[in-house]
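Engineer: Position one of the sequence shown corresponds to residue -6 (the numbering used here), numbered consecutively onward.
Just to be clear, a hint being listed does not mean it is correct.
Here are the simulated lysine-lysine pairs, BS3-like style, with alpha carbons at most 30 angstroms apart [claimed, not checked]: (1) Lys320 / Lys520; (2) Lys565 / Lys243; (3) Lys495 / Lys320; (4) Lys99 / Lys65; (5) Lys465 / Lys520; (6) Lys65 / Lys118.
These aren't lab readings, by the way, just hints derived from the structure by calculation.
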Amino acid sequence: MEISSKKQPIEEIYDKREQHFQRRNSRLLIQDSNISKASQPIIGYAEEELLSLSDACQPLINIVDDILKYVKIALDNTSTEPSNKLTKDEAASIHIYTMEWEDGHKSLYTILNYTLRIGDRDGLKPWYKYLKLFLTALVKLPCAPPQTVWRGVRRNITEEFPPGAQITWWSFSSCTTSLNVLENDLYLGNVGERTLFSIELINGRTIKDYSYFDTEDEILMLPGTYMEVQSQFTPAPDLHIIHLKQMVPKDILLETPFEGACLYPKPKRHWYLKKRVVFSVIIALILIIIGSVLGSRTWNHSLALLFSNNTKTINNYSLTDILHTLKFGQNYSSIITGTTNGTIYGTNIYAEGSDYGTAAVHAGILRNGETKNITIIVLPGRTLYTASTQNGISSYSYGSWSRSYSFENITFDSNVTPLNFADYNGNIGDSLYLSVTGAMNGRLYGTNIYTDDSDLATAAVHAGVLHVDETKNITIKILSGRSSYAASVQNDISSLSYGLWKRSYSFENIILPTNITPVDLADYNGKIGDIICYLLRGTVDGYIYDTNIYTDDSNLATTAVHAGILHVDETKSITTKILPGQSSYEASIHNNVTSYSYGSWRRSYTFI
């Protein structure tokens, strides 16, 4: 970012280093735990006209001390040609958000976030003009890659975040990608009660190029960030870590600042699907833009779950974003207008990203120009989408695609073949009878037993179950994970090797080792008291919880070393016993392996 010379008097120039520390302390550390008092969505501001920063801040003159002085500083410090096609006023709206006020006055971000957090939506109205400008700038920035970010608080607040709880953070939240930053004494330090939030974030914005402190890789979370508490553990007596995972909410929590804006990242296509494009360059580019493939979702043919109806028309991109968050078999209702102008792939079952209004006309659900509430059913991907002409609309054919959709009351084949089983939500030992067409372009790991994210059609050819382009019904069996997967070349298909993986699959009539060692016992389907023998190779790479009695998701090979049953890299048969869950699990260090403490857990195991 180009920064012009500061024009304010010298006495008004910050001690940048001192203010940097103060700002980071204020923004990376949570000052109060009342982060979810609000319950109403943040809406209404988008109707405001997009103004200059000076005009947008006029309603804040009696709310934020000396606001117009800081507006001038922000504009002076902002490039005339900001990156990402932001206007100067848009970029300056981010800049002023990051600034600290002098003489102990509360900064703009402090007052704004307090207002967002307490849930006084009437009190938020004076901020609407600034929010329109600020959020317009933020959503024009590309989403940072999905990653783990960190925030902290100097006390133990684990009781407020029980595992499984779903929470919403209503204010803008600053995070860091570096845990070392929070461990610095200027922030949390290494002593005293403190809680770290480890957040799996999918739509953060990197604001470094527009910040007053442009040396920090600060990630900004948008208001209305919806998350689920995955777990919590205590690696040290006074240090608590809470693991949060961001999810896309089914309801609107934050209104988009302008039509067509996207709060969440556009999904991308798998690398191996890019080689299968058979259309013109223009059509291929459209697919890449609107395709929504972040990996298969849960394999679930139950159509029982119906989400709340959407009451306003959603554009094609936004509807794809919403549908991509749902599990297979789930429904979503939206107001859709029939059109003949969109591009669609398939017949009655359409590749995700196909225009919904055009698909509805093609399927006979709507007439051209007709608008009504339509229920869309989310389905797994198919290995082939067939072209057809129905109701005056021609669809295209297409090869493998990872997700599909259809409409309520449309007859379709319920036995839809997934690309892999990465998100299959059944049990170890399940057998699935599916129609598969052999392929050779997918990536796979293992030999005869494959990681659950290995391409099914390619694995079938590699295992000798199918020939390339041959289609027939085959039986797949879901297996436990393995400690390693061997590479090989079979039937002109090369597979890759891999280490520990959580789950596997294979095919009927394929000879398998009689003793398949799982990574852990989290998916074991037996009962308490069962005794099981495994061939294990000792390792120190896994996560484990407790001492002698371990949580069932503790890594078997690592617990065996921790318990003294195995040495590292030693291989021998060991015997485990399934035990009930414990109310708590204690950390310890044995045989140079560290286990973690944990709270209540459903099931345990030990060695005998």
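Engineer: Going through the numbered hints above, which ones does this structure break? Give me the numbers in ascending order.
Structural biologist: 2 and 5
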